[in-house]
Amino acid sequence: MSKPNDLVQGTLDLLLLKILGLEPLHGWAISLRLRSISGDVLQVSEGSLYPALHKLEQEGWITAEWKQTENNRRAKFYSITRLGKRQLEAEAANWRRLSAAISQVIQISEA
Amino acid sequence: MEHWWYTLPLRLKSILRGRRVEQELDEELQFHLEHKIEEGVASGLSPKQARYAAMRAMDGLEQQKEQIRDTRRIHWLTDFVDDVRYAIRSLRHTAGLTAFVAITLALGIGMTAGTFSMVDALIFRPYPVSQPDDVVTLVSTTQDSSFDQLSYREYLDIRDKTNSYQGVIANAAMEAVGFSAEPGATPRIKGGMMVSGNYFRVLGVEPRIGRGFREDEDQVPGRDAVVVLGPNFWKHEFASDPAVLGRTVRLNGKEFTVIGVAPETFPGMLIFGHPDFYMPLAMARVFSTNTQKNFFEDRDDRELAVRGRLKPGTTLQQAQNEIAVLAQNFEHEYPKLNRGRGAAVHTQFEMRTRGDDVNWKFGVIFVTLGLAVLLVACTNVAGLLLSRARSRKREIAVRLAIGAGRFRLVRLLLTESLILASLGGLLGVAVGYGVVAWFQSQQNVVFMTDLPLAIPFRMDTRVLIASLALSLLSALACGLVPALQSSRTDLVNGLKSADVDLPGRKRLWGRNVLVVAQVSTSLMLLTAAFLMVRGFQHSMLDGTGFAKDHLLMTGFDPRLMQYNPAQTKQFYKLLAERIREAPGVRSETLTQNVPLGTDDFDLDSVAFVPNGFQMPRDRESYTSPMNTVDEGYFETMGISILRGRGFRDSDSSEAPRVAVVNEQFAKHYWPGDDAVGKHIRLENSAGTPVEIVGVAQTIKFQNTFEKPMDLVYMPLAQHPVARMVLLLRSDGDPLQLVQSVKDVVRTLDANMPMLHTMTYEDYYLNKAVKGPGIAVNLVATMGAVGMVLAIAGLYGVVAYNVSRRTREIGIRMALGATSSDVLRLVMGKGLLLVAIGAAVGIVMGFGVEQLMNSMLFNAGGIDVIAYIVVVPSLFVVTMLAAYVPARRALRIAPTQALRYE
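Quick note, the sequences are listed as chains P and L, same order. Each step along the first sequence adds one to the number in my numbering, with nothing skipped, and position 43 is 394. Each step along the second sequence adds one to the number in my numbering, with nothing skipped, and position 701 is 709.
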């Protein structure tokens with residue numbers, strides 16, 4: 352059932368933390384940002400965006416605040432916490448290790 | 009930790025402001041959705057299409073929300089809240105049943121909590137000092153008694169020659185002390201306790217104000233007249249005035265300086281008594297009650313309770329070994345006084361559960377009975393819940409069918425019984441408070457004394473926790489089995505009919521056990537109640553052997569006014585002479601103790617050797633209780649002299665010594681022979697000879713439950729005692745003589761206090777009727793509650809069982825069974841169960857009777873009446889319970905019965 356461009360398990364968290372690490376955003380903006388940075392390679396279903404955000408919030412990695420948007424509407428803005436930054440570093444390091452290892456494996460098999 | 013800083017507010021918000029959280033979620037998703045739609049419209053879709061596409065992209069709003077809710081991690085709580093809500097709703101539907109169950113549990117838990125507060129106070133409550141576990145009690149032991157106290161000399165030796173303790177302390181019994189704050193005031197009776205100089209320091213009690221005793225204040229007899237006040241006394245007598253320090257008060261007429269006040273946290277080391285003040289042991293001459301002995305010198309004047317605080321790391325066994333060696337040394341050094349005398353160290357628990365102490369036995373018996381009531385209550389509730397669960401079978405089957413997990417269902421059902429138990433527990437604590445309040449209200453009946461004694465039963469934290477634990481336990485006990493059973497429902501059958509009996513014996517077996525348990529436990533309770541009540545009645549019917557009416561009693565203690573023995577003698581002589589002349593006085597007497605006027609601790613005794621008796625090798629003398637009376641006693645109290653004579657004026661201090669013994673004593677030492685004319689020697693075979701001149705009728709002397717016991721009477725003239733009670737026999741109302749007595753006393757000494765002035769009849773009623781009545785009432789109440797609960801439960805279970813067989817009865821009738829066949833069938837089963845229960849109950853009843861007989865009083869044998877009354881009534885109830893629904897089943901037409909659900 353898995354599509355080839357399905358997000359690797361857990362990477363959505365990493366992406367979200369990374370995006371929010373840059374600036375506080377509301378859900379819609381996050382989904383736009385996701386689309387724009389990852390292009391068509393990584394498709395994030397909008398259905399899994401909010402559960403993921405809420406999970407990160409419950410973990411204490413991001414925190415939410417109701418603010419006005421540019422066009423004067425109320426929206427829930429998420430921003431990263433200190434705890435989240437630490438988590439981001441850890442996950443990013445993890446990811447680098449993993450991807451390095453995998454590309455190594457791939458190179459071996461190609462050689 | 010930082011994690012919680014972010015997440016805790018979120019969780020709390022989810023729990024406390026659930027609606028708000030939901031709204032925000034809604035708003036957030038809506039916001040997203042609107043943008044998405046705008047985006048779709050912008051790319052050329054119609055608004056409707058755009059909306060549809062947006063919804064699809066989001067995988068459905070409601071699913072989203074549900075998924076998000078799951079991230080909140082308060083599942084367990086919301087589920088529980090749902091369960092509670094549901095349970096409350098379903099319990100409210102059956103409000104009558106709920107109330108019945110809650111009240112039933114409340115009675116059980118309340119009775120247990122109330123009685124547990126007793127045991128807590130009597131056994132478990134630690135000393136109110138720092139590190140109470142280190143404090144141990146040292147006792148002297150002989151062949152006859154394992155818990156003798158120690159003398160002052162022995163205390164000093166133990167204090168100075170042991171290494172196991174951080175300190176060894178001693179105190180005398182709390183005793184009546186004449187207290188006056190001002191020089192001229194008439195002394196009032198207060199409770200004072202003599203303690204060693206290191207008492208407060210070793211116990212780790214810091215005075216509220218001022219200081220405790222110094223060690224040097226306990227070294228020179230009579231030098232340091234200082235006093236430390238108890239917290240309550242300070243509050244009531246001196247209105248908590250700190251200026252009391254340095255004040256002079258008079259204790260037994262001697263001036264003492266107040267040096268400190270004990271803290272509120274230290275009401276004293278006794279279970280019942282809270283001393284009003286403490287004096288150093290070195291002031292013993294002011295307070296000593298025993299004129300025959302020298303407190304500071306006599307090694308056999310054993311009046312002190314001795315305690316030690318163990319050094320850290322020292323075991324009880326080490327302390328034990330050490331004291332045993334010391335006791336052997338005593339025996340070598342003082343062979344005459346310490347022959348066969350050992351010593352032992354005991355913990356507080358050991359002291360409070362010792363064999364000769366009735367307090368804790370009462371407690372244990374009451375708690376046992378309380379638990380029995382709880383057991384009956386629990387079986388009752390279990391039976392009801394079982395029936396309830398079965399009639400909800402269809403509901404449960406539906407739940408299972410639409411996908412409820414079994415665990416989830418058991419949880420729901422257990423939540424219901426938890427709510428029931430909490431209700432029962434809360435009410436039960438209220439009942440417990442009621443029981444304790446009732447005990448407290450009996451205070452004046454229990455303690456007819458001027459001393460500061462109080463019933464120590466309280467619903468403290470420990471008791472509350474225990475009650476709570478009991479409620480939870482009973483919830484589990486009552487609820488688990490029905491819950492497990494009903495969740496094991498066979499779906500197909502369960503959905504088809506509301507209440508069918510599945511083949512299989514196991515299920516019925518459980519209910520049968522309930523019936524048997526109920527019958528037997530309630531029978532045991534009733535047996536205990538009957539034994540108490542009838543033992544009490546017996547003791548009333550037996551009579552006491554003395555007159556109670558037309559008697560006025562009032563006590564005197566000339567020591568309170570610092571009288572010496574000669575003054576005391578003169579005072580009593582004049583008092584008797586003058587009151588005799590007063591109008592309305594038919595006769596008068598002075599006695600050391602009125603009948604039923606002694607407790608264990610102030611029972612006087614005499615050591616003696618019957619003349620010519622060869623004493624066993626290991627024994628120097630026998631002892632017997634003793635009372636000191638004057639010439640008018642036997643006549644005034646209406647006690648007949650069976651042989652010989654009573655006392656006369658001629659039995660003066662110069663005349664040869666004489667005694668009167670009771671019939672029990674005469675039979676004991678000279679069976680089949682006349683005791684009159686025989687001699688006993690005091691202390692040992694070389695002691696003063698005393699001639700027995702009369703044999704008096706045996707009376708109840710300490711309490712109305714007692715077995716006949718030995719008693720020796722000594723004439724006051726030959727055996728002077730300071731504290732005496734004046735008894736007057738009146739023509740009319742005894743209280744009219746009070747003024748005459750006051751007038752006479754005023755001519756002798758205006759300041760002499762009159763203690764305990766009341767009619768003897770009042771005293772007797774309190775002491776012999778109302779006092780024991782407390783225990784009798786309590787046990788009778790528990791018996792009655794147990795009986796009512798058992799009957800209700802029995803009726804419920806049996807009736808329910810029969811009504812469930814309505815269809816079966818219909819079939820039987822359709823097949824030609826007669827009504828008597830059917831009645832026999834349904835009743836036979838119930839009666840068999842009751843019979844088994846009764847058999848078990850009778851055995852348990854025997855056990856409890858044995859226990860009560862051996863522990864409290866020898867009411868003797870087994871009370872058959874209890875069984876004759878109780879067993880048949882249980883049978884009648886069972887028959888009725890089976891008969892009523894059976895008759896209803898018989899009345900309906902077979903066709904209808906077959907269609908019955």
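Hints should not be assumed to be uniformly reliable.
To be verified - Here's a subset of chain L near chain P, in silico, CB distances under 7 Å, partners left out:
no., residue
1, H11
2, Y14
3, T15
4, P17
5, L20
6, E36
7, Q38
8, H43
9, D67
10, Q72
11, T79
It should be emphasised that the hints constitute simulated quantities derived from the structure, not laboratory data. All C-beta atoms, glycine included, are put in the ideal place defined by N, C-alpha and C.
Tested hints:
This hint holds: H11 (chain L) has a C-beta 5 Å from the nearest C-beta of chain P, less than the 7 Å allowed. At its closest, the beta carbon of Y14 (chain L) sits 3 Å from a beta carbon of chain P; the interface hint therefore holds under the 7 Å criterion. Of the supplied interface hints, the one on T15 (chain L) holds, with its beta-carbon coming within about 4 Å of a beta-carbon of chain P, less than 7 Å. Given hint, P17 (chain L) at the interface with chain P, is violated; its Cβ is 10 Å from that chain's nearest Cβ, farther than 7 Å.
Residue-level restraint check for L20 (chain L) is violated (minimum Cβ-Cβ distance to chain P is 12 Å; threshold 7 Å). Taking 7 Å as the C-beta cut-off, the interface hint given for E36 (chain L) holds, the closest approach to chain P being about 5 Å. Checking Q38 (chain L) against chain P: minimum C-beta separation of about 10 Å lies over 7 Å; hint violated. Annotation: interface hint on H43 (chain L) holds; nearest CB of chain P at approximately 4 Å, less than 7 Å.
For D67 (chain L), the shortest C-beta to C-beta distance to chain P is roughly 3 Å, which falls under 7 Å, so the interface hint holds. For Q72 (chain L), the suggested interface contact is upheld, since its CB lies about 6 Å from the closest CB of chain P, less than 7 Å. Given the 7 Å rule on beta carbons, the hint for T79 (chain L) holds: about 5 Å separates it from the nearest Cβ of chain P.
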